[in-house]
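Trainee: Given the structure of chain A, go ahead and fit chain B onto it with the hints provided.
Residue numbers (my numbering), protein chains in the order written: chain A, 759 to 1168; chain B, 759 to 1168.
There may be inaccurate statements among the hints.
It does not matter which identical chain is used: a pair holds within one copy or between any two.
[Said to hold, decoys possible] Pairs of lysine-lysine residues, derived as DSBU-like cross-links and limited to a Cα-Cα distance of at most 30 angstroms, are as follows:
{"#": "1", "residue 1": "Lys886", "residue 2": "Lys1099"}
{"#": "2", "residue 1": "Lys811", "residue 2": "Lys886"}
{"#": "3", "residue 1": "Lys811", "residue 2": "Lys1024"}
{"#": "4", "residue 1": "Lys811", "residue 2": "Lys828"}
Simulated from the structure, these hints should not be mistaken for lab results. Fair warning: this is a prediction, and the values are worked out from it, not measured in the lab.
There are 2 protein chains.
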Amino acid sequence: MPLNRRGLGAALAALTATAAKAQTPDPAIIKPQDWATSLGDGVVTNPYGIPSKYESAVIRRDVAWLTAAKQSSVSFTPLHALEGTITPNGLCFERHHGGIADIDPAQHRLMIHGMVEKPLVLTLQDLKRLPRINRVYFLECAANSGMEWRGAQLNGCQYTHGMLHNVEYTGVKLSTVLEAAGIRPGAKWLMAEGADAASLNRSIPLPKALDDCMLAFAMNGEALRPEQGYPLRLVVPGWQGNMWVKWLRRLKLDDAPWMSREETSKYTDLLPDGRSRRFTWVMDAKSVITSPSPQAPLAGRGRTIISGLAWSGRGAITRVDISLDGGRNWQAARLDGTTSKLALARFYAETDWTGQELLLQSRAHDDTGYTQPTKDALRKIRGVNSIYHNNGIQTWLVRPTGEVENVEVS
Amino acid sequence: MPLNRRGLGAALAALTATAAKAQTPDPAIIKPQDWATSLGDGVVTNPYGIPSKYESAVIRRDVAWLTAAKQSSVSFTPLHALEGTITPNGLCFERHHGGIADIDPAQHRLMIHGMVEKPLVLTLQDLKRLPRINRVYFLECAANSGMEWRGAQLNGCQYTHGMLHNVEYTGVKLSTVLEAAGIRPGAKWLMAEGADAASLNRSIPLPKALDDCMLAFAMNGEALRPEQGYPLRLVVPGWQGNMWVKWLRRLKLDDAPWMSREETSKYTDLLPDGRSRRFTWVMDAKSVITSPSPQAPLAGRGRTIISGLAWSGRGAITRVDISLDGGRNWQAARLDGTTSKLALARFYAETDWTGQELLLQSRAHDDTGYTQPTKDALRKIRGVNSIYHNNGIQTWLVRPTGEVENVEVS
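So that you can see chain A by itself, here it is in the shape it has in the complex (with noise of 0.2 angstroms):
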């Protein structure tokens, strides 16, 4: 059954199949429904609103037995239920590591100190005096699909996946703080630092710290959610989560790396041999399908989208390929719209199913040639004993029931 055999003609006689059964209008449809004869709710019923009582389930989940306490734990966003590029800020994932910092944003102070001329204490309103930009980028923590290196575990792209968002930051670049500060000469790292119970930290090169990081204070029109880092994150385009540090408090420069607790014992990669991959920061090119997937079985036979992500820490993703048959035989997606420099694609490809078992894959491709891995080429060079930067091609078997599951093919 190849991808897109039939074109959009096709596809309208199939929709036009399945609706036969009402050609003629039930007229159950033309005397007005249930909610069509009374009032309903008025204006500002909620003031902040908040989604439709039938969507209860697309919620963030947590698996419990990740993680010793809630605070130092994740939840996922729920992939299989989101269309488009852009999550809603109510469904962005959380990673915490000391739990969400409850800061006065009129107390909030972030100082600039270390190898500068000038050490600066800023407040919210000293930032907000500077130069604005408006950027769309994925964030995608670098222990995502890291239960898959050990093998397909989790039943659903919620969990496989779901420590991954993409929203508009509103913020100023940090090279305009920086350069107020002034850089001295020798300095060559940045360490960010946040405000919460952990003070989580992280190294960062000066040359990417001038390039395109941000001070983020808001995200998606409004400000940052506590849980993101409010009031102000910094902004790591393309690179791990981890290094977009929330609740952002202080900012040292220095000429050598901290080799803080989240850049050593954790966030490296221990290979095979004993030894680990230093700084693997930026998030090589991935992709998944979100429906169908175990969340988003297949609803029945018939014409059916097959819809996903793709992203790349390097770039633009350029292409997308789709196999139903386990990665045997191969074909491009539909991209749609534009695809941005390290945000969210989504790509879709329409097809006929007949009930028979699917192997689907997706693969991605950037603008550097990059193409996404198998599972199988990864394990080859880096083990199993790592979480992180698992980037490899996920397979979800589409069983004729219509149901998924998480499976791995060689």
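Mentor: Then chain B, alone, in the frame of chain A:
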């Protein structure tokens, strides 16, 4: 005081001057602040996240005297408090004619009938089997700024310009469904009807319906919000919001417009001579400065960001001018990032405010060569009988205290 008189170097000097008092970092900053000394909330404290308690003023607001009942009223987007271009779903303005229809998506049906070869009744699942697209569009109510026809009245851009939002829609091209039903020769108009208590309906010329209209089931990645038409809304890019029928239940093709209530006694512009402009669908180019504005006064003298939004129902925004003196002198603002067709564009101007009175204005230009007119120029042609299609230049008076007021200049 010209705009952008000083370059970035000077901006940085201004910043370090602002922060000069803090050149020696306050020891209080270096020791952990309260929120860094104990664990915060864990993950899924809110499975569907909500804003910080410090942002509780960033909400939709209505105007009690405006309408007889909240079910036929409007609430406004807090533009003055928003950044970037995407509007968060919870803050998108509301305008209802019979309250919010509370629709069970499993029971929802869309009927396509009239001058078609094959009438169809489609479920949401039927629609989700068709090829899907994602597009960002602004939506503006025809009555946005309506009260400004008779002079400056409401003190805040939330009220003067807040019937406006901008989100990423996901759905099916309307043309796909109409072609599936088969358009009969002679069909020229499409009537779209909502499933709300008002059965709100509008006539749309078939060329527009077949050009870029969408049947949308998602906004900013998740299902439509109830107040935005859950589970299905018609998207009519660049045209007035009233035509973007919410809770969409019916599409009927015919050879003439329906001349329904919302396109005859309402949503037509009454001219000084007693005649009405018929079918004023397109929203002409417009802009507004969102900060500073009456609800977002200036925090103090010194380096200041002037920020606003611009949009055009005819194409893309190509330039926005800013005046500090009520329209005598104009300079180009900086348009941030790419400005896509029929979507909001964000503009900025950086200036130094020394405390003098300002008469702030913005003026949008689009890629058809159209320039946003003054209110007086509009009144000369249209009089003051209408409440629709006021895209005149807005003026904010900034007082030496930093307070801002809605005023008129001639």
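Trainee: For every hint, state whether the structure bears it out.
Mentor: Verification of the hints:
1. Taking the shortest alpha-carbon separations for Lys886 and Lys1099, both the intra-copy value of 26 angstroms and the inter-copy value of 28 angstroms come in at or below 30 angstroms.
2. Only between protomers do Lys811 and Lys886 lie at most 30 angstroms apart by alpha-carbon distance; the minimum there is 20 angstroms, versus 37 angstroms within a single protomer.
3. For the identical chains of this complex, Lys811 and Lys1024 are neighbours neither inside a copy (40 angstroms) nor across copies (33 angstroms), given an alpha-carbon limit of 30 angstroms.
4. Taking the shortest Cα distances, Lys811 and Lys828 sit within 30 angstroms of each other both inside one copy (26 angstroms) and across copies (21 angstroms).
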